[in-house]
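Undergrad: Chain by chain, the residues:
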Amino acid sequence: MPSETYERAWRPGPILSAYWAALDATGVLCGVAIGLICIGICADVAVRMVTGGGISWMLESIEYLQYAVVLTGATWVLSRGAHVSLDILIVLAPARFRARIQRMICLVGLVACAVFAAASLGATIDTWQTGGVIYKSVTMPEWWPLAFLPAGFALMSIEFLLQLLGYVRPSERASI
Amino acid sequence: MLEWYWTLAFLLGSLLVIMFMGVPVAFGFLAINMIGAWVFLGGWAGLQQVAHNTVDGLVSFSLTPIPMFLLMGEVLFRTGVAARAIEAVDRLIIRVPGRLSLVAIAGGTVFASLSGSTVANTAMLGSSLLPDMRKRGYRPTIAMGPIMAVGGIAMLIPPSNLAVLLGSLSGISIADLLIGGILPGLLIAVCFFAYVMVACILNPSLAPAYPLPPMTLRERVMPFAIYVLPLLLLFVVVVGSILAGIATPSESAALGAAGAVVAAAGYRALTWPALRTSLIETAKITVMIFIIIAASLSFSQILGFSGATNGLVAFIKTFDLPALAILLIMLGILLVLGCFMDQLSMMMITLPLFMPLARLAEIDLVWFGILMLLTLEIGLVTPPFGLVLFCMKGVAPPDISMRQIYAAVVPFIVIELLLLAAMVGYPPMVTWLPGLSR
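Those sequence lines, one after another, are chains A and B. Under the working numbering, the first residue of the first sequence carries the number 1, and numbering increases by one thereafter. Under the working numbering, the first residue of the second sequence carries the number 1, and numbering increases by one thereafter.
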């Protein structure tokens with residue numbers, strides 16, 4: 001591992017390329033979902049203006065779609081280096097320490113995401129076993145939305161692990 | 001059981017350390033949440049509770065204006081409609097002293113509103129507009145100041161995502177915050193414009209006039225009528241639908257986004273790649289913001305459950321401070337934090353403590369919210385450590401010194417502080433307009 005720079009100088013293999021392509025596909029899906037949310041809200045307003053009553057299931061569907069967007073797209077955003085961070089220390093640190101700091105950052109992210117993935121998996125299984133149901137305009141088992149958490153955070157753990165190992169994508173890291 | 005101040009110091013201190021290490025803000029919150037939930041919420045059960053809280057926090061229609069306002073901005077930005085509008089303003093005011101500085105104010109307001117980041121705005125305008133201003137003989141003071149200070153306007157005038165975020169997290173009416181920011185935002189803009197013009201009239205060497213291709217009045221006015229006036233309709237749709245009670249903030253934001261798409265199509269600027277990029281970029285920023293929101297909500301709940309929030313409120317209560325003193329302390333803390341942090345992080349860290357304090361002091365929450373938004377922005381540009389100042393140093397030509405950057409921003413900070421003081425002293429400046437809509 002070069003000490004001056006954290007990103008590996010390498011050509012990604014087919015598995016890694018496929019993984020990143022899949023993440024990019026989730027990004028496109030999230031974009032489509034955002035478009036659908038906009039169309040859905042406008043349709044709801046239009047129907048309300050015309051008939052006096054909106055589309056009963058629209059609001060909650062949008063809430064859950066929005067939630068799904070966040071957990072589906074979080075790993076894609078992470079791989080693109082677009083989660084905002086304070087990089088003052090990294091910028092000020094001597095070059096030889098930067099790689100270490102970045103590895104430490106990945107380690108913190110990996111542990112936090114892995115622990116939360118495990119805890120939320122436990123919460124999902126508990127809720128599935130107790131058979132809780134959400135009764136609103138949209139009725140569904142309570143574990144459905146919860147299940148996005150372990151899946152999303154497990155994927156983020158994998159991404160942090162890859163970054164820890166130096167498989168960092170060329171990115172536009174969002175920092176302030 | 002730990003005393004509240006040790007709990008508070010541990011949670012806040014470790015969060016700050018982890019953030020300054022460079023851990024992305026969302027994952028910094030998450031890491032501390034895992035420790036905090038284990039310690040204060042009862043081990044494994046506490047961690048599972050955080051999972052439930054995360055779902056509850058994110059499944060919320062009140063957060064929907066954020067992606068919708070982002071989409072509105074992205075569409076205008078990616079299709080080039082926003083750039084055409086800025087260019088039209090440029091043509092219109094071609095004979096006005098300090099024209100490029102005024103364009104920086106107008107353009108910066110648009111871009112900072114769209115991007116939601118004053119730092120990104122400074123980087124963009126600093127690297128694009130500043131070289132042109134220098135080439136035309138603009139002095140550093142009048143060239144850089146507006147670029148750095150313009151974020152204060154953007155964060156107040158709708159569509160301000162920071163206002164939506166503040167409303168979502170604090171429970172303050174989002175509609176009231178959006179509407180309440182209009183008047184102060186416009187006042188700041190007017191004062192900035194006035195300062196630049198007066199300074200350039202009194203001292204023409206600040207922004208020397210330079211030869212321009214001859215243009216008829218029609219050539220100057222028509223682009224404004226074509227590219228700017230129709231866009232004002234978007235503002236009317238967003239604010240008007242809330243004011244008229246036709247739409248909630250989430251709905252008005254979606255109508256604004258749809259309106260932006262229609263406007264871009266009307267200008268024949270809507271292309272598939274531009275729309276695709278707009279949607280994907282909106283998704284990217286939305287995910288980034290929402291993950292922070294989810295994590296910070298849990299952090300706030302852990303602070304509350306651990307007794308740290310109540311302990312702090314009770315402690316402040318023993319001093320029997322007047323509401324104004326509590327308000328000024330909170331604003332002072334934000335000004336200091338602005339030296340090291342972006343607005344989003346500052347808001348997430350301070351809200352769980354500030355909201356109970358504001359309620360304790362019986363401060364009008366809309367008024368407090370607007371003051372907070374403006375202070376967050378002032379903190380970012382306050383010497384010697386304001387983040388925007390360093391950002392400007394990074395993108396400005398190498399001959400620009402830090403002292404020149406400080407000198408450039410000071411007049412604008414003075415204007416913002418004076419207006420902040422006026423808003424503190426005369427709350428109707430903020431509360432009058434939201435009062436009309438109730």
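Treat each hint with caution, since some may be false.
SDA-like mimics (lysine to any residue), calculated; alpha carbons at most 20 Å apart, straight line [what the hints assert, rightly or not]:
id, chain 1, residue 1, chain 2, residue 2
1, A, Lys136, B, Gly307
2, A, Lys136, B, Asp56
3, B, Lys135, A, Ala22
4, A, Lys136, B, Val59
5, B, Lys317, A, Lys136
6, A, Lys136, B, Ser60
7, B, Lys393, A, Leu92
8, A, Lys136, B, Lys393
It should be emphasised that the hints constitute simulated quantities derived from the structure, not laboratory data. These numbers come from a predicted model, not from an experiment.
Undergrad: None of the hints should be skipped; say for each whether it holds.
TA: So, going through the hints one by one against the coordinates:
{"no.": "1", "hint": "A:Lys136 <-> B:Gly307", "in the structure": "33 Å, violated"}
{"no.": "2", "hint": "A:Lys136 <-> B:Asp56", "in the structure": "14 Å, holds"}
{"no.": "3", "hint": "B:Lys135 <-> A:Ala22", "in the structure": "46 Å, violated"}
{"no.": "4", "hint": "A:Lys136 <-> B:Val59", "in the structure": "13 Å, holds"}
{"no.": "5", "hint": "B:Lys317 <-> A:Lys136", "in the structure": "41 Å, violated"}
{"no.": "6", "hint": "A:Lys136 <-> B:Ser60", "in the structure": "13 Å, holds"}
{"no.": "7", "hint": "B:Lys393 <-> A:Leu92", "in the structure": "15 Å, holds"}
{"no.": "8", "hint": "A:Lys136 <-> B:Lys393", "in the structure": "53 Å, violated"}
In this structure, the earlier hints numbered 1, 3, 5, 8 are contradicted, and the remaining ones agree with it.
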